[in-house]
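K.L.:
Sequence:
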Amino acid sequence: MSSKPSIFLVLVLVFATLIRLAPAMVFNNPFSTDVWPLIKLTKVVIENPSAKIWNDTQFDGYNNRWPGVILSASIACILTGLGVEHVYSFLYLVIITITNTILLYGVLSFTSNTKMAALAAVLYYVAVPSLLIFTSATLKEVYAYPILFAILLQLAKREFDWRYIITISVLSLALSTSHHLASVMLIGMSIGILIVLAIGITVGEVRSVVKGALVKQLALVLIALPTFTLYYLLYGQTRAVSLIGFSDILSYTFYAVFIYTSYYLAKQVTVKRAVSISAVLTVLIATAFVTLHSLAYGVTYSLDDVSTYILAMSAPLVLLCFLPSSVDEVRIFILGIALFMSTNILFIYIAKPELVTVLHRVLNYLSIMNSMLIAYTCRGRVAKGIAIAIALMTVAFGIVAVARIVLGLDKTMFYWVYREGDVVGMSRIEALFNGSILGDSKVFYFTYKRTDSSSLLLAVSRGFKGCGDAVVVLHRDNYDKGFVASLTIYKVGNVSSLINRLSRIYDNMYINGFWVRQ
2 MSSKPSIFLV LVLVFATLIR LAPAMVFNNP FSTDVWPLIK LTKVVIENPS AKIWNDTQFD
62 GYNNRWPGVI LSASIACILT GLGVEHVYSF LYLVIITITN TILLYGVLSF TSNTKMAALA
122 AVLYYVAVPS LLIFTSATLK EVYAYPILFA ILLQLAKREF DWRYIITISV LSLALSTSHH
182 LASVMLIGMS IGILIVLAIG ITVGEVRSVV KGALVKQLAL VLIALPTFTL YYLLYGQTRA
242 VSLIGFSDIL SYTFYAVFIY TSYYLAKQVT VKRAVSISAV LTVLIATAFV TLHSLAYGVT
302 YSLDDVSTYI LAMSAPLVLL CFLPSSVDEV RIFILGIALF MSTNILFIYI AKPELVTVLH
362 RVLNYLSIMN SMLIAYTCRG RVAKGIAIAI ALMTVAFGIV AVARIVLGLD KTMFYWVYRE
422 GDVVGMSRIE ALFNGSILGD SKVFYFTYKR TDSSSLLLAV SRGFKGCGDA VVVLHRDNYD
482 KGFVASLTIY KVGNVSSLIN RLSRIYDNMY INGFWVRQ
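Take any residue in the sequence shown, count from 1 to its spot, add 1: that is its number in this note's numbering.
In case anyone wonders, no lab produced these hints; they're calculated from the structure. Think of the CB as a built atom: it goes at the ideal place given N, C-alpha and C, for glycine as much as any other residue. Wrong hints could be hidden among the right ones.
[As the list claims (entries may be wrong)] Distance windows between CB atoms, simulated:
#	residue 1	residue 2	range
1	437	238	23 to 29 Å
2	354	238	18 to 24 Å
3	305	227	50 to 56 Å
4	381	480	50 to 56 Å
5	80	410	18 to 24 Å
6	91	12	19 to 25 Å
7	410	459	27 to 33 Å
8	203	383	15 to 21 Å
Could you build the full structure based on these sequences and the hints that come with them?
P.N.:
This is the structure we're talking about:
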């Protein structure tokens with residue numbers, strides 16, 4: 002690599018790392034609600050090395066079923082002597098960010114004809130606001146991303162041989178033990194690519210050199226699918242089965258058949274460039290609308306916050322208009338992932354709106370396709386200008402999103418912030434009182450399983466009458482931004498008047514504790 006791309010890659014690495022460290026550095030605490038249960042379970046492993054990770058009575062029956070990050074972080078704490086919070090907040094965040102960026106650059110250098118185009122695509126990926134905020138914490142799924150990228154790199158660059166099979170087998174098992182959604186998305190994207198490859202071969206547009214990718218892709222599916230399925234059925238989280246029934250599987254199959262059949266039929270006809278561009282723009286607008294409107298089903302959001310998220314995720318789809326007419330492996334990769342993501346969005350939006358609470362996590366994988374699209378189409382004056390403009394725009398959006406969180410202006414993800422006073426206050430209350438705790442999602446994830454977040458709003462609506470003996474824990478955002486339960490933010494206008502009737506037992510300006518007696 003010449004000096005110019007090398008310098009730019011280093012700058013991208015520094016930017017990606019520092020912007021993700023910003024929340025933890027400003028608040029001096031782990032960022033995100035989901036990280037606190039992992040921290041608690043890691044402490045269980047460190048303090049009691051004889052604890053069995055599969056023993057649900059010693060753990061929580063969920064996170065220990067996907068124990069990759071818990072076991073890894075425990076080893077890191079012992080080897081480095083760092084505290085658990087520091088490993089999750091800083092050490093692992095830096096390692097995962099750098100690893101993700103380098104592996105993704107390796108994948109994108111395969112999809113692009115220039116190193117600078119690949120670097121522009123990497124810059125886009127590390128700055129996508131929704132993904133940026135999500136990966137600013139060391140979560141199970143975030144821990145799984147480097148494994149996913151390592152698999153994609155093997156798929157893109159390694160020839161099909163016994164080393165490929167062994168490497169894919171080991172990585173598939175590691176991914177399966179790390180996170181279920183990451184495993185499902187990898188398998189789904191692989192099947193999508195496989196179908197597009199098969200269609201290309203059927204209509205005679207795939208060259209023999211690309212047909213070699215069919216073997217590698219098929220091998221990946223045949224290895225990853227049974228590995229994850231067996232792990233899931235034998236050890237993984239069985240409670241999630243109830244979310245998807247037989248009728249849902251039939252519905253998903255119907256949408257998949259509709260999407261892929263439509264693609265097959267489109268390959269049978271010759272369409273003019275103008276018609277193709279119009280279709281892409283229609284898909285772009287529909288994607289932005291469906292994404293925004295779907296959030297209204299189960300997620301409360303501020304348009305000021307999520308508008309930049311949706312723009313950054315949707316804008317690269319314009320580059321589908323600039324896909325070259327020649328068919329190669331990269332084009333098949335992009336279209337395979339695109340059709341798979343289209344099936345997911347259609348299924349969730351129409352058939353399973355209750356899954357909208359995970360839609361933002363599903364859409365994070367669209368950033369992989371968008372990055373490939375930027376790297377692949379970054380050629381020619383117009384396409385190159387659009388691709389670079391999208392990357393720079395996304396960087397600006399990412400900086401704004403993090404700045405809003407750090408400055409306390411964000412009204413959508415504000416409850417992911419844990420200030421020093423929050424941690425001290427909730428720790429004191431948790432240690433001093435053994436009874437039931439009423440609090441919103443922010444309190445629930447910190448105290449984990451001791452807090453009843455579902456009953457808090459009912460208690461508030463009743464003026465805390467008839468809710469039994471309990472400690473009510475409120476954080477300062479409850480007063481002006483609302484209460485969070487299941488990704489929905491509820492604003493209550495008379496909070497101050499309600500709590501004035503209760504006995505205040507703790508107050509440190511960030512956390513208020515009140516005693517409710519039947």
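K.L.:
If a hint holds in the structure, say so; if it doesn't, say that too.
P.N.:
Here's how the hints hold up against the structure:
Hint check: residue 437 to residue 238, Cβ distance near 26 Å, so the stated range 23 to 29 Å holds. The hinted window of 18 to 24 Å between residue 354 and residue 238 holds, with their beta carbons roughly 22 Å apart. Range check, residue 305 to residue 227: Cβ separation about 45 Å, and the 50 to 56 Å hint is violated. Taken as a hint, the range 50 to 56 Å holds for the pair residue 381 and residue 480, whose Cβ atoms sit roughly 54 Å apart.
In this structure the supplied range 18 to 24 Å is violated for residue 80 paired with residue 410, their Cβ-Cβ distance being about 39 Å. Look at residue 91 against residue 12: about 21 Å separates their beta carbons, and that is inside 19 to 25 Å. The hinted range of 27 to 33 Å is satisfied by residue 410 and residue 459, whose Cβ atoms lie roughly 30 Å apart. About 33 Å separates the C-beta atoms of residue 203 and residue 383, a value inconsistent with the hinted range of 15 to 21 Å.
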